[in-house]
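Undergrad: Throw the hints in and build the complete structure from the sequences for me.
These protein sequences, in sequence, are chains L and W.
Each residue of the first sequence is one higher than the one before, starting from 1 at the first, in the UniProt record's numbering.
Each residue of the second sequence is one higher than the one before, starting from 1 at the first, in the UniProt record's numbering.
No lab work stands behind these hints, which were simulated from the structure alone.
Any given hint could be a false lead.
If several chains are the same, the list does not tell them apart, and a pair holds so long as it fits within one copy or across any two.
Stated by the list, open to error - Simulated crosslink set (EDC-like; lysine to aspartate or glutamate; CA at most 20 Å straight-line): (1) Lys243 to Asp303; (2) Lys237 to Glu296; (3) Lys116 to Asp33.
Note that the coordinates shown come from a computational prediction; the quantities given were computed from them, not determined experimentally.
One letter stands for each residue in the lines below.
There are 2 protein chains.
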Amino acid sequence: MNDAPTAPSPAIAALMASPAYRRAADTLAAEHDRTVEDIVTLTQIPSPPFGEEQRAQAYLEMLRAHGLDDVEMDGIGNVMGIRRGTGNGPMLVVAAHLDTVFPAGTDVTVRREGTKLFAPGVGDDTRSLAVLLAYMRAMDAAGIRTQSDILFVGDVGEEGLGDLRGVRHLFTEGKYRDRIKAFITVDSPDLDTIAVGGIGSKRYRVTFRGPGGHSFGAFGIVNPMYAMAQAMVELAKTQVPAKPKTTYAATVTGGGTSINAIPNEVWMDVDLRSQSADELARLETRFQAIVQQAVETENNARDTRAGRVSAELKLVGDRPAGATDMDSDLVRLATAAITAHGFAPRHEFSSTDANIPMSLGIPAIKIGSGGTGGRAHSLEEWIDVEKTNSVQGMTAGLTTILAVAGIAP
Amino acid sequence: MNDAPTAPSPAIAALMASPAYRRAADTLAAEHDRTVEDIVTLTQIPSPPFGEEQRAQAYLEMLRAHGLDDVEMDGIGNVMGIRRGTGNGPMLVVAAHLDTVFPAGTDVTVRREGTKLFAPGVGDDTRSLAVLLAYMRAMDAAGIRTQSDILFVGDVGEEGLGDLRGVRHLFTEGKYRDRIKAFITVDSPDLDTIAVGGIGSKRYRVTFRGPGGHSFGAFGIVNPMYAMAQAMVELAKTQVPAKPKTTYAATVTGGGTSINAIPNEVWMDVDLRSQSADELARLETRFQAIVQQAVETENNARDTRAGRVSAELKLVGDRPAGATDMDSDLVRLATAAITAHGFAPRHEFSSTDANIPMSLGIPAIKIGSGGTGGRAHSLEEWIDVEKTNSVQGMTAGLTTILAVAGIAP
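TA: Right, here's the structure in full:
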């Protein structure tokens, strides 16, 4: 997707020319050291998968200190507060995720080398949490009132088996679920891409069971290993579209006890993905049928008097697919705002918190928090907070938010 | 195989009527307590897989104390000695195995309850080691000189991954390899079966490797899991004869690292068996071809630019198949001798030390050591040394050996 609208936007130009905007942008630059300190403070509060409470509490206090209304932790552990607008615009969510991929006990001390900060989770996504605070201060310093209410959210469960549970809760059970009309997640430093589509995924652990027995004495009975193999072979024959990109993979396997025993249990993990919810659903249906057919094939091929082969499908991951229209205001304004700050953003599909609203038809994008970084999800993760680049990226993000939320006259 | 010659044998009748035979049989009964003590002594010397030295040394001293000639430990750890005959018969081996299935550190203390002895390895095959000593004493007490030289052997590596290495060595590298013309292994108490055939087995660990990659980003590259599955499916289609019984099984599998990564390595264990060496070789050739074909199929089905799938076949078990002719003197004499003591032995195929000579065309059988027992290969293994039954079985074995070796006039 490189069909981005790159023509200069009169709306963005007008926004950036306004005195209030200038004051806000100047504040981002003037307070950059404080933003860096917030990054360090938050990074050094561990926030492992399913263990975000400590960081969430700290961030909740920061939201409160930044003057938001209705600051609270919701039922799943997200923390949030409202920066009220004039009531003339729809509610916009600006979110960053609290969780990291790093287990409890990981050393999260930040090490500085020049303008580089090294620490697990520092860029993904702790920098964004601090940048959101900077946006609040900049708007306050500039006396900006937006048309939309902005709900700032630090959410849980974005990574891995967290399975987007924080934002899923926000949109399915949260008290604002019917009011949110646009969603921006700020995730990782990179501003060269804007995620406008969410890759959906369904992940299964499939366990095949059978009677088991001695490899020689019980020869002829059904073997769950053959049912699993049959399912893998049929999966591998599946035709999927290149566009919307749709994929499958048998990835991890195990089972059996002894080289001279027909196993009574084997398992495989399968990852199904698509840029299209329809294609993902079609692939999932086919996969389920493949598993059932493979079980039947094995039960028909060999002796079942000692027992039949069965398969248990357990859904261990579920991220919905979706996309935000390239012609939507959200994508057009974000693209123009980020382009106006010297970036040339590509539009891509990825798997982020934005998947959830996208899957519900609510316009959503993922943008970056500014600066540069690397080695995310590794213990050597780093970001560079060199001021010029860092502020340039932050300003691009603030411009996006203000363009979408609208500044009240 | 129930076509055993069960008619009374004049040769066995004549043997059993001879005064020397009577004296030998009487000695087995008279010295039964000593045999039980030997069982206890030997059982309590640990003899784990690949760790038979301590028991082998003790047994070597016992062989020497029983007056055998040329007592020695060979290059692989078997211990043996010759009881010389008149030189008018071929050399007969009478063997029992030194090793147990129990790892070092297993408590091998013998517990007695009435006439029952409980301990790991007590029946399989420690009782037999003691019974061989009783045979030597009985022949000596009766002044029996056999026509054949009898080579008594306590051998290593009968169990599991030991892969019959002791007896394999005896027949391939041992100094008597060209002289041995018949082989009797005494293995476990049971005298109701005579093993006249050896089930051959070939065991493989097959490792499939490929480039690996992200399940979404690298979709389309070859996946070693699919090659393995294809091999399993083809193996499962293989037609094998019911007679001679021939079997295969994919039994244990593993591999892969993460649910969202196409694996770079997966593996499976496969067990191939047959009563027939020819059928086993045919099955093995087909299996190797299946693996290569599955690899080719996967390399042709998907993108190999990041690397191709390959398979490594590692032979982790190799027991040759073979059979002793039902009309051979060895089978006929053993069947008649054991039947004459009130047993009704069936003839069966199994996997014992006798596989090795059978595979070389040397007449070989497995008989039992007498008494009863159960739970072999478990920590609750037991034997019953109740004297009447125990002596009856021992005498049947001695009769077999004397019938085969021949008593000099």
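Undergrad: Hint by hint, say whether it matches the structure.
TA: The hints, checked one at a time:
For the homomeric pair Lys243 and Asp303, the shortest alpha-carbon distance between copies (18 Å) is at most 20 Å, but the shortest distance inside one copy (44 Å) is not. Both within a single protomer and between protomers do Lys237 and Glu296 lie at most 20 Å apart by alpha-carbon distance, with minima of 18 Å and 15 Å respectively. In this assembly of identical chains, Lys116 and Asp33 lie within 20 Å of each other by CA distance solely inside one copy; the values are 13 Å within and 83 Å between copies.
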